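Enquirer: Sequence:
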Amino acid sequence: MVSYSTWFRYIVTKLEYSVSLSWKNYKIGQITDTEVGDAVWKNFFQGKLTYLHWNKGEEMAPTIGKDGRTLLVRKIPAADPVRVFIGDVVVLKDPDKPDDYLVRRLAAVEGYEMVSKDEKDEPFMLEKDQCWVLADNEALTPKEAKDSRTFGPVQMSDIVGRVIYSLRTAVDHAPMQNSHFSMRRDLPVLEVELDVDEMAKNHKA
38 MVSYSTWFRY IVTKLEYSVS LSWKNYKIGQ ITDTEVGDAV WKNFFQGKLT YLHWNKGEEM
98 APTIGKDGRT LLVRKIPAAD PVRVFIGDVV VLKDPDKPDD YLVRRLAAVE GYEMVSKDEK
158 DEPFMLEKDQ CWVLADNEAL TPKEAKDSRT FGPVQMSDIV GRVIYSLRTA VDHAPMQNSH
218 FSMRRDLPVL EVELDVDEMA KNHKA
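Residues 38 to 242 in this note's numbering are what the sequence shown lists, from first letter to last.
None of these hints come from the bench; they were simulated from the model. On a predicted model such as this, the values are computed, not experimentally measured, just so you know. It is possible that part of the hints are untrue.
As the list claims (entries may be wrong) - Below, in silico cross-link-like pairs of lysine-lysine (BS3-like), each with a Cα-Cα straight-line distance of 30 angstroms or less:
1) K79 / K64
2) K64 / K93
3) K79 / K103
4) K112 / K165
5) K112 / K183
6) K93 / K112
7) K165 / K241
8) K93 / K157
9) K180 / K154
10) K238 / K51
As the list claims (entries may be wrong) - Quick list of simulated restraints, FRET-style, between CB atoms:
11) T71 / S153: 46 to 56 angstroms
12) Y41 / Q67: 28 to 38 angstroms
13) Y88 / K157: 40 to 50 angstroms
Virtual Cβ for every residue (Gly too), placed ideally from N, Cα, C.
Whenever a hint applies, use it, and build me the whole structure from the sequences.
Expert: Shown next, in the form of C-alpha coordinates:
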(Lines of atoms letter the chains of each structure in order from A and count residues from 1; the text may use other names and numbers.)
(Lines give C-alpha, C1' and ligand atoms only; values in the text may rest on other atoms or scores of the structure.)
Protein backbone atom coordinates (compact mmCIF):
# COMPACT_ATOMS: atom_id res chain seq x y z
CA MET A 1 0.00 0.00 0.00
CA VAL A 2 1.30 3.45 -0.94
CA SER A 3 1.94 5.72 2.05
CA TYR A 4 0.46 9.20 2.44
CA SER A 5 3.92 10.79 2.18
CA THR A 6 4.54 8.98 -1.12
CA TRP A 7 1.17 10.13 -2.46
CA PHE A 8 2.03 13.70 -1.47
CA ARG A 9 5.39 13.52 -3.27
CA TYR A 10 3.68 11.97 -6.29
CA ILE A 11 1.09 14.75 -6.46
CA VAL A 12 3.80 17.41 -6.23
CA THR A 13 5.76 15.64 -8.98
CA LYS A 14 2.68 15.43 -11.18
CA LEU A 15 1.94 19.12 -10.68
CA GLU A 16 5.52 20.01 -11.63
CA TYR A 17 5.14 17.86 -14.76
CA SER A 18 1.84 19.55 -15.67
CA VAL A 19 3.32 23.03 -15.30
CA SER A 20 6.41 22.08 -17.33
CA LEU A 21 4.36 20.52 -20.13
CA SER A 22 1.93 23.44 -20.28
CA TRP A 23 4.77 25.97 -20.36
CA LYS A 24 6.47 24.01 -23.16
CA ASN A 25 3.24 23.98 -25.19
CA TYR A 26 2.87 27.72 -24.62
CA LYS A 27 6.43 28.47 -25.79
CA ILE A 28 5.95 26.52 -29.04
CA GLY A 29 2.63 28.22 -29.70
CA GLN A 30 0.26 25.31 -29.14
CA ILE A 31 -1.68 27.23 -26.49
CA THR A 32 -2.14 30.94 -25.66
CA ASP A 33 -1.22 32.65 -22.40
CA THR A 34 -4.87 32.61 -21.32
CA GLU A 35 -5.01 28.84 -21.79
CA VAL A 36 -1.95 27.98 -19.70
CA GLY A 37 -3.84 27.72 -16.40
CA ASP A 38 -6.51 25.42 -17.82
CA ALA A 39 -3.83 23.32 -19.52
CA VAL A 40 -2.00 22.81 -16.21
CA TRP A 41 -5.07 21.34 -14.53
CA LYS A 42 -6.05 19.34 -17.60
CA ASN A 43 -2.58 17.76 -17.75
CA PHE A 44 -2.67 17.17 -14.00
CA PHE A 45 -5.94 15.25 -13.96
CA GLN A 46 -5.54 13.38 -17.25
CA GLY A 47 -3.15 10.55 -17.91
CA LYS A 48 -0.07 9.22 -16.15
CA LEU A 49 3.53 10.31 -15.74
CA THR A 50 4.74 7.10 -17.39
CA TYR A 51 4.27 5.01 -20.52
CA LEU A 52 5.43 1.60 -21.76
CA HIS A 53 8.19 1.30 -24.36
CA TRP A 54 9.41 -1.90 -26.06
CA ASN A 55 13.16 -2.09 -26.61
CA LYS A 56 15.05 -4.81 -28.44
CA GLY A 57 18.69 -4.93 -29.49
CA GLU A 58 22.14 -5.52 -28.07
CA GLU A 59 23.18 -1.86 -27.75
CA MET A 60 22.17 -1.59 -24.08
CA ALA A 61 23.19 -5.11 -22.99
CA PRO A 62 23.66 -6.26 -20.30
CA THR A 63 21.54 -3.50 -18.71
CA ILE A 64 18.71 -4.23 -21.14
CA GLY A 65 19.02 -7.69 -22.70
CA LYS A 66 19.17 -8.06 -26.46
CA ASP A 67 16.17 -10.42 -26.40
CA GLY A 68 13.92 -7.47 -25.62
CA ARG A 69 12.42 -5.71 -22.63
CA THR A 70 9.23 -3.86 -21.81
CA LEU A 71 10.33 -0.60 -20.21
CA LEU A 72 8.42 1.76 -17.94
CA VAL A 73 9.42 5.28 -18.97
CA ARG A 74 8.83 8.44 -17.00
CA LYS A 75 7.82 11.28 -19.31
CA ILE A 76 10.09 14.34 -19.38
CA PRO A 77 8.47 17.20 -21.34
CA ALA A 78 11.44 19.57 -21.06
CA ALA A 79 14.75 17.82 -20.46
CA ASP A 80 17.62 19.85 -19.02
CA PRO A 81 20.54 19.23 -16.63
CA VAL A 82 18.30 19.71 -13.57
CA ARG A 83 15.74 17.12 -14.72
CA VAL A 84 17.97 14.42 -16.20
CA PHE A 85 21.39 13.51 -14.89
CA ILE A 86 24.56 11.82 -16.05
CA GLY A 87 24.11 8.08 -15.62
CA ASP A 88 20.38 8.08 -16.48
CA VAL A 89 19.03 5.65 -19.07
CA VAL A 90 16.96 7.86 -21.35
CA VAL A 91 14.65 7.53 -24.34
CA LEU A 92 15.47 9.99 -27.11
CA LYS A 93 14.51 10.67 -30.69
CA ASP A 94 16.70 8.85 -33.20
CA PRO A 95 18.84 11.57 -34.88
CA ASP A 96 18.67 9.63 -38.17
CA LYS A 97 14.97 8.70 -37.97
CA PRO A 98 13.00 11.33 -35.99
CA ASP A 99 9.92 9.09 -35.82
CA ASP A 100 11.91 6.37 -34.05
CA TYR A 101 13.41 6.31 -30.57
CA LEU A 102 16.64 5.07 -29.03
CA VAL A 103 17.41 3.99 -25.48
CA ARG A 104 20.86 5.14 -24.37
CA ARG A 105 22.68 6.28 -21.22
CA LEU A 106 23.35 9.97 -20.65
CA ALA A 107 27.14 10.36 -20.43
CA ALA A 108 27.74 14.12 -20.50
CA VAL A 109 25.85 17.43 -20.61
CA GLU A 110 26.56 21.04 -21.56
CA GLY A 111 29.89 22.39 -20.33
CA TYR A 112 31.68 19.04 -20.43
CA GLU A 113 34.86 18.75 -22.47
CA MET A 114 34.81 15.72 -24.76
CA VAL A 115 38.19 14.09 -25.42
CA SER A 116 38.52 11.30 -27.99
CA LYS A 117 40.73 8.24 -27.59
CA ASP A 118 41.93 9.02 -31.09
CA GLU A 119 44.68 11.65 -30.78
CA LYS A 120 43.78 12.96 -34.24
CA ASP A 121 40.45 14.24 -32.94
CA GLU A 122 40.42 17.66 -31.31
CA PRO A 123 38.77 18.00 -27.87
CA PHE A 124 35.56 20.04 -27.86
CA MET A 125 33.09 21.42 -25.34
CA LEU A 126 29.42 20.49 -25.31
CA GLU A 127 27.42 23.65 -25.96
CA LYS A 128 24.28 24.82 -24.20
CA ASP A 129 21.42 22.29 -24.37
CA GLN A 130 23.68 19.63 -25.88
CA CYS A 131 24.35 16.19 -24.40
CA TRP A 132 26.30 13.03 -25.15
CA VAL A 133 24.68 9.59 -25.03
CA LEU A 134 26.29 6.16 -25.12
CA ALA A 135 25.27 2.54 -25.45
CA ASP A 136 26.08 0.31 -22.46
CA ASN A 137 27.43 -2.57 -24.52
CA GLU A 138 31.20 -2.01 -24.55
CA ALA A 139 31.74 -4.98 -26.88
CA LEU A 140 30.21 -3.10 -29.81
CA THR A 141 32.04 -0.77 -32.16
CA PRO A 142 30.83 2.86 -32.21
CA LYS A 143 29.03 2.20 -35.50
CA GLU A 144 27.27 -0.86 -34.09
CA ALA A 145 26.39 0.96 -30.86
CA LYS A 146 24.76 3.86 -32.74
CA ASP A 147 25.40 6.51 -30.14
CA SER A 148 27.06 9.93 -29.90
CA ARG A 149 30.37 8.48 -31.06
CA THR A 150 28.80 8.19 -34.51
CA PHE A 151 26.06 10.84 -34.65
CA GLY A 152 27.67 13.37 -32.29
CA PRO A 153 26.01 15.52 -29.61
CA VAL A 154 22.22 15.58 -29.41
CA GLN A 155 19.89 18.26 -28.15
CA MET A 156 18.51 17.82 -24.63
CA SER A 157 15.09 18.53 -26.13
CA ASP A 158 15.36 15.23 -28.03
CA ILE A 159 15.13 13.36 -24.71
CA VAL A 160 11.50 12.43 -24.07
CA GLY A 161 11.77 10.21 -21.00
CA ARG A 162 13.82 8.27 -18.46
CA VAL A 163 13.58 4.49 -18.09
CA ILE A 164 12.64 3.66 -14.49
CA TYR A 165 11.73 -0.05 -14.69
CA SER A 166 12.54 -2.99 -16.95
CA LEU A 167 10.65 -6.26 -17.47
CA ARG A 168 11.91 -9.35 -19.30
CA THR A 169 9.26 -11.80 -18.04
CA ALA A 170 6.52 -11.78 -15.41
CA VAL A 171 9.06 -13.06 -12.88
CA ASP A 172 12.17 -11.26 -14.13
CA HIS A 173 11.87 -7.51 -13.67
CA ALA A 174 13.55 -4.75 -11.67
CA PRO A 175 14.02 -0.98 -11.32
CA MET A 176 16.45 0.61 -13.75
CA GLN A 177 19.79 1.69 -12.28
CA ASN A 178 19.92 5.41 -12.97
CA SER A 179 21.73 8.24 -11.21
CA HIS A 180 21.17 8.47 -7.46
CA PHE A 181 19.33 11.79 -7.91
CA SER A 182 16.91 10.40 -10.47
CA MET A 183 16.17 7.21 -8.58
CA ARG A 184 15.15 9.26 -5.54
CA ARG A 185 12.98 11.58 -7.64
CA ASP A 186 11.36 8.70 -9.51
CA LEU A 187 10.56 6.62 -6.44
CA PRO A 188 7.06 8.06 -5.76
CA VAL A 189 6.19 7.74 -9.47
CA LEU A 190 7.35 4.14 -9.44
CA GLU A 191 5.42 3.27 -6.29
CA VAL A 192 2.16 4.77 -7.57
CA GLU A 193 2.24 3.91 -11.29
CA LEU A 194 4.18 0.63 -11.52
CA ASP A 195 1.87 -2.22 -12.57
CA VAL A 196 3.93 -5.33 -13.29
CA ASP A 197 0.85 -7.28 -14.39
CA GLU A 198 0.06 -4.60 -16.97
CA MET A 199 3.66 -4.59 -18.18
CA ALA A 200 3.64 -8.38 -18.50
CA LYS A 201 0.35 -8.28 -20.40
CA ASN A 202 1.80 -5.82 -22.91
CA HIS A 203 5.14 -7.60 -23.15
CA LYS A 204 6.11 -8.92 -26.59
CA ALA A 205 7.27 -12.51 -26.26
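Enquirer: Can you name, in rising order, the numbers of the hints this structure does not satisfy?
Expert: Going through the list in order, the structure violates hints 2, 3, 7 and 8 and respects the others.
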